[in-house]
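K.L.:
If you want the building blocks of each chain, they are given just below.
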Amino acid sequence: MFSDYPVPPCFDELLTKAHESRFPTVSLALTNLGYDEIIERQLVTDERLRDLGITFAVYGHQDGNEKVWPFDLLPRVVGHEEWQHIDRGLRQRIFALNLFVDDIYNEQKILNDGIIPREMIQTAATFRKECVGHRPPKGVWTHITGTDLIRHEDGEIYVLEDNLRCPSGVSYVLENREVMKRVLPEVFNGQSVASVEDYPERLLDTLLATAPDGVDMPVAVLLTPGIFNSAYFEHSFLAQQMGIELVQGPDLVVIDTYVYTKTIRGLRKVDVIYRRIDDTFLDPLTFRDDSVIGVAGLMEAHRLGHVTLANAPGTGVADDKAIYAYVPEIIKYYTGEDPILQNVPTYVCSDPKQREHVLKNLESLVVKPTNEAGGYGIVLGPRASKKELEECRAQIKADPRNYIAQPMLQLSTVPTMCPDGVEPRHVDLRPFVLLGGLDAADMYVLPGGLTRVALVKNSMIVNSSQGGGSKDTWVLG
Amino acid sequence: MLSRVADSIFWMSRYIERADNVARFIDVNQKLTLGFQRSISTQWEPLILTTGDNDRFKELYGKKYTQENVVQFLTLDSRNPNSIISCLDAARENARCIRDNLSIPIWQAINKFYLMIHAYPRDACTYANPQKLLDIVKDRSQLIEGAAELTLSHGEAYNISRLGRLIERADKTSRILDVKYYILLPRVQDVGGNLDIVQWAALLNSTSALQMYRRTHGRIEPKKVVAFLVLDRFFPRALHYCLVNADMALRFLSGAPPYVFSNPAEQLLGRMKTNMDYISVDDIVNNGLHEYIDSFQCQLNELGVAIHQAFYGNTTRPSMHQSQSQYVV
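Going down the list, the protein sequences come from chains G and S. For the first sequence, the residue numbers in numbering that gives the first Met the number 0 are 0 to 476. For the second sequence, the residue numbers in numbering that gives the first Met the number 0 are 0 to 328.
Everything labelled a hint here was simulated from the structure, so no lab data went into it. The reader is advised that the hints may include incorrect statements.
To be verified - Mimicking DMTMM-like on lysine to aspartate or glutamate, the simulated pairs with C-alpha atoms at most 20 Å apart in a straight line are: (1) G:66 with S:92; (2) G:66 with S:88; (3) G:128 with G:102; (4) S:111 with G:50; (5) G:137 with G:215; (6) G:385 with G:355; (7) S:222 with S:177; (8) G:385 with G:362; (9) G:268 with G:215; (10) S:111 with G:215; (11) G:320 with G:350; (12) S:111 with G:177; (13) G:268 with S:155; (14) S:137 with G:50.
Computed from a predicted model, the values in this text were never measured in an experiment.
Start from the sequences, fold in the hints, and give me the full structure.
P.N.:
Structure follows, in structure tokens:
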């Protein structure tokens, strides 16, 4: 199975440079099954994903809105010890980021103490002045987080970015596992893989735990922009798994600062909204007045503590890519500890010295807009044309606050079923963290997370919107 | 349950039922065509009249009522909003909107059905011999109803789904009856007279009613066929059965006890049902079957509007599903 595997110069998650497996029991089980058999199972898998309608929408795609979720059967394995390290690092990081958001909208100690330039916050497109002075139930702002991790060629795990608004992908983690168990039982058998199946239960717990005070039997709903959203499958899947209502903006109404759903038997009060629409579309009275997917009056209900919004509006300020550069300081400031997981070295272009360095070394750096997601707007220096670099340089000069730069990192690879055999493909990892309160016991880290894989040879773009696929992630016990 | 969800489930079920009935129309006609020596073109025209989409057909195919044109128009032609494939597109889109309210077996059954129909070869062969396609449609439709019966709690979603199905079914059964009665037997004097048993048998077949009719009434007599398809309380495709059970579904949704009406839809449906409880087949035939069916379909249309208003009664926004709420007229 892996005898011809071309181990790449970067870090490979399964095979060492000496061609030895890091996880012999898993390799053996796969080898016993054999390449041809796995190809067969891959066909069954694709058919099943199609029949179940496990899809994502690609904007502007020509053949219909939905694409079947590309899934590769060879799992990505994470060892027990290593996972313990990641788990601790994520807990520390998310705990600190939640305190940071709370501080930013209230006392602003971290700004007063000069740890982060005040201007950095004031100019963040994701800072919501409407949230100043607010403290959500149990002090939780970042209920659900997806943090992107990568492994560099030095073998270290780095945090690439935090997603503190509406991180997507957890439904695919659960579906991938379901499909794997069904299609590759022989490989599962005998391994001790940490389970992910209880995630919907944990998510529901988190939502209900953060309901407004004094509500005995809180009602939670999931708010989606609708079937044309790229993550609609996930919204619908999570609502179904949790047994809560999937609602769209027009299904909700705010009356006397309380939120209700419109049902066939009249209005029903809602206490918690897991909202999967952006801040600025939430409430036409507060934000964009042209939003038809939002709910008029929702922000007032939220500010008065009559409804919980998860994640709370305003959390995006902590995943602004320029503020990301300060996360190590943020962790030290709020926890007194050194960060367990490292940041990728980041140059903030609004800082004149760092900007100068970036402009000088553009061809060796990756430049990212501070407020974009989905891989949009990224310029890869080493692969960009002269013209692209010039344009990029001009953009940075025109609006330095909007750009950061990082060295080009080598993502690690995982053996992947490719048309010509098993080949290395680059991956990243998005674990999900739930926060239902400020005690250690109120936090849950999904073991593993979503492994995204760049299916195109040598590509490091793993976003599904740009041709990426996914793998099941096995955390061994 | 959300008002929007109720509306989507209602329409999802109607569209599946509609696809199923279109398959049944073609099926019976196929059998009639094979059984007769007449020219094929005269045999396929009534089918288009049955569905009420004659104008659209003429627009697309002129007056060429050949088997190939008619079958294509009714099965895989997306330009016909009531073709099987269009019904499935609409059913699946509705299902996708409310997927979290369905059980996985129901969603999967609908999605697979949709994929099968979309992958079905669109060629002359299919239209010359559509039997395999029609069997798929009938089987898959039954599978969905079975999945709802067995895996969906018999609560709000189930009852709305049932309501949608039964209303659509009542409408389609009445249309089949009407067309066969009025178009295949152009003169009123023919009724009860020299009727072609094969035609009536085919009509019963198209509603999968032949065996049950035989067990109930034995020999085929036109009046008994009418009695069976209109007034039978136990045959699931008979109008009366549809109304009785639609009434139960509607009352489940409102929680209103018998003899009490909580909305105009219940009152309307109650009136239709009661009328059928006491009318005799002689009353129907003597006053004109066509007139009876015509009036029945008008009332069904009113009922559809009233149900829509009952589900949305407490909301003020316009329905986002308005565009699909058109009835086949």
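K.L.:
Is the Cα-Cα distance between residue 66 of chain G and residue 88 of chain S 20 Å or less?
P.N.:
16 Å, holds
K.L.:
For a C-alpha distance cap of 20 Å, please report whether residue 111 of chain S and residue 215 of chain G respect it.
P.N.:
With Cα atoms ~42 Å apart, residue 111 of chain S and residue 215 of chain G exceed 20 Å; violated.
K.L.:
Compare the distance between the alpha carbons of residue 320 of chain G and residue 350 of chain G with 20 Å, and conclude whether the hinted pair is satisfied.
P.N.:
14 Å, holds
K.L.:
Holds or violated: residue 268 of chain G and residue 155 of chain S, Cα atoms, limit 20 Å.
P.N.:
Satisfied, since the Cα-Cα distance of roughly 19 Å is no more than 20 Å.
K.L.:
So if I understand the rule, the pair passes when the alpha-carbon distance is 20 Å or less; does residue 66 of chain G with residue 92 of chain S pass?
P.N.:
Holds, at roughly 15 Å.
K.L.:
Do the alpha carbons of residue 111 of chain S and residue 50 of chain G lie within 20 Å of each other, as the hint requires?
P.N.:
5 Å, holds
K.L.:
Is it true that the CA of residue 137 of chain S sits at most 20 Å from the CA of residue 50 of chain G?
P.N.:
19 Å, holds
K.L.:
Is residue 385 of chain G close enough to residue 355 of chain G, meaning Cα to Cα at most 20 Å?
P.N.:
18 Å, holds
K.L.:
Are the Cα atoms of residue 128 of chain G and residue 102 of chain G separated by 20 Å or less?
P.N.:
13 Å, holds
K.L.:
Mind checking the alpha carbons of residue 222 of chain S and residue 177 of chain S for me, to see if they're no more than 20 Å apart?
P.N.:
13 Å, holds
K.L.:
Just to be careful, I want the Cα atoms of residue 385 of chain G and residue 362 of chain G compared with a cutoff of 20 Å; is the pair within it?
P.N.:
This hinted pair holds, its Cα atoms lying about 9 Å apart.
K.L.:
Has the given pair, residue 137 of chain G with residue 215 of chain G, been kept, meaning a C-alpha gap of at most 20 Å?
P.N.:
16 Å, holds
Going down the numbered hints, you'll see the structure goes against just number 10.
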